[in-house]
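There are 2 protein chains.
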Amino acid sequence: MRDTYHEDLDALTARLVEMTRLARHAIARATTALLDADLTAAQEVISEDEALNRLDEEIGKSAFDLMARQQPVAQDLRTIITSLHMAGDLERMGDHAVHIAKIARRRHPDSAIPAELRSIVLEMGHQAELLVIKAGEVVSNRDAETALELDEDDDRMDRLRRKLLKRILDPGWSHGVEATMDVTLAGRFYERFGDHAVHVADNLVYMVTGEKRKDYEQEA
Amino acid sequence: MRDTYHEDLDALTARLVEMTRLARHAIARATTALLDADLTAAQEVISEDEALNRLDEEIGKSAFDLMARQQPVAQDLRTIITSLHMAGDLERMGDHAVHIAKIARRRHPDSAIPAELRSIVLEMGHQAELLVIKAGEVVSNRDAETALELDEDDDRMDRLRRKLLKRILDPGWSHGVEATMDVTLAGRFYERFGDHAVHVADNLVYMVTGEKRKDYEQEA
Numbered sequence: 004m005r006d007t008y009h010e011d012l013d014a015l016t017a018r019l020v021e022m023t024r025l026a027r028h029a030i031a032r033a034t035t036a037l038l039d040a041d042l043t044a045a046q047e048v049i050s051e052d053e054a055l056n057r058l059d060e061e062i063g064k065s066a067f068d069l070m071a072r073q074q075p076v077a078q079d080l081r082t083i084i085t086s087l088h089m090a091g092d093l094e095r096m097g098d099h100a101v102h103i104a105k106i107a108r109r110r111h112p113d114s115a116i117p118a119e120l121r122s123i124v125l126e127m128g129h130q131a132e133l134l135v136i137k138a139g140e141v142v143s144n145r146d147a148e149t150a151l152e153l154d155e156d157d158d159r160m161d162r163l164r165r166k167l168l169k170r171i172l173d174p175g176w177s178h179g180v181e182a183t184m185d186v187t188l189a190g191r192f193y194e195r196f197g198d199h200a201v202h203v204a205d206n207l208v209y210m211v212t213g214e215k216r217k218d219y220e221q222e223a
Numbered sequence: 004m005r006d007t008y009h010e011d012l013d014a015l016t017a018r019l020v021e022m023t024r025l026a027r028h029a030i031a032r033a034t035t036a037l038l039d040a041d042l043t044a045a046q047e048v049i050s051e052d053e054a055l056n057r058l059d060e061e062i063g064k065s066a067f068d069l070m071a072r073q074q075p076v077a078q079d080l081r082t083i084i085t086s087l088h089m090a091g092d093l094e095r096m097g098d099h100a101v102h103i104a105k106i107a108r109r110r111h112p113d114s115a116i117p118a119e120l121r122s123i124v125l126e127m128g129h130q131a132e133l134l135v136i137k138a139g140e141v142v143s144n145r146d147a148e149t150a151l152e153l154d155e156d157d158d159r160m161d162r163l164r165r166k167l168l169k170r171i172l173d174p175g176w177s178h179g180v181e182a183t184m185d186v187t188l189a190g191r192f193y194e195r196f197g198d199h200a201v202h203v204a205d206n207l208v209y210m211v212t213g214e215k216r217k218d219y220e221q222e223a
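Just so you know, the protein sequences line up as chains A and B, in that order.
When we follow this note's numbering, the leftmost residue of the first sequence carries the number 4, and every step to the right adds one.
When we follow this note's numbering, the leftmost residue of the second sequence carries the number 4, and every step to the right adds one.
Hints were generated in silico from the structure; no laboratory data involved.
Hints should not be assumed to be uniformly reliable.
Pairs count within a copy or across copies, as identical chains cannot be separated in the list.
Computed cross-link-like contacts, DSS-like style, restricted to lysine-lysine with a CA-CA straight-line distance of at most 30 Å [claimed, not checked]: (1) Lys64 <-> Lys137; (2) Lys105 <-> Lys166; (3) Lys215 <-> Lys169; (4) Lys215 <-> Lys64; (5) Lys169 <-> Lys105.
From a predicted model like this one, the values you see are computed outputs, not experimental measurements.
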């Protein structure tokens, strides 16, 4: 009995890691869709989001079963509860990739991103990928030390977003209302994607140490 | 022992209802901040968000304790898990009110909303209040029937947002880049606020019936 139980707990982690893999793929394709006005990539991101939603649901069901059948306490209970939170964050990361893909689809065959902003958006896409890959490693290895790095990695995302907004607000900005809206929202979606990756890492810290990241950081 | 246990379960609900009350107040004040360029209101929304965060944390701790000390199954376990989800949604509703308040603060002493959009934004604010008040009633009364209405109430919010975006994209739109950004983001924050209220209602349906809203709706 205990064996199946621990296998089920491991399966939770495996599903979470799979979600980070899917979320990384989604944001990478969404960035391609956005930068290259690639309609195929956009459609892919939109339709493949279903897989992330399904995994989130599976984790929810599995967590519920584990709690109902067993009487998890302390560490195990924390693992189950934080897994639920992490699944929720990863599911929303998929949603943000979809939002970006939809911007690309709406402007197709034009590109939603003016030429002079392409490099910033590309950097935001890369940073988003880095954040979610790192979140996956951290979850997979139960590595609370590396988890602490994500907050700083995310500062870079926030700096990129501020840079993006500064360009839009520059008196030299000559693009129309649609471009202003698209860039504003895309910037926000990348930022939110990053925030959720940080939440995943924070939850991992709590899962492993039983402490909130900020308290754990002060001691570490 | 069982008495304390059921008191603790009731206390979860009471905290959730209190969160809907705070979230309603936050979004109402945020709308005032936005429409009247009211800096005091904006600051209030920002500083009072702490109360929502604290309640979310308290619900998390209480849920964890309940699961660790008792062995809740079926209905009770569902109540605890869905309470966690609802608290998360309500906490994020507070965040969206804060985002709106920060737009107001950033543009102060100017108003972020051009005169001809004031009525739409006011309607969005009112609809947001209605949604969260209804979510509170539904949670308080464990009323799965009324919970089904929120999805439709939220359609109205989506229509308002589309109306807002249409105005921005109208060739007659004469406002600058800042106004375009502010209105785009404010529209999104109200829409997300509404989405989270629908999630709260959906979770209530699941809490009470053990079925997802869509399945329950087909039978009802």
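Taking the hints in turn, this is what the structure says about them:
1. Lys64 <-> Lys137: Both. Shortest intra-copy (26 Å) and inter-copy (28 Å) distances satisfy the 30 Å Cα cut-off.
2. Lys105 <-> Lys166: Both. Shortest intra-copy (23 Å) and inter-copy (19 Å) distances satisfy the 30 Å Cα cut-off.
3. Lys215 <-> Lys169: Classified as neither: same-chain Cα gap 34 Å, cross-chain 44 Å, threshold 30 Å.
4. Lys215 <-> Lys64: Both: 26 Å inside a chain and 12 Å across chains, each within 30 Å.
5. Lys169 <-> Lys105: both (24 Å within a copy, 17 Å between copies)
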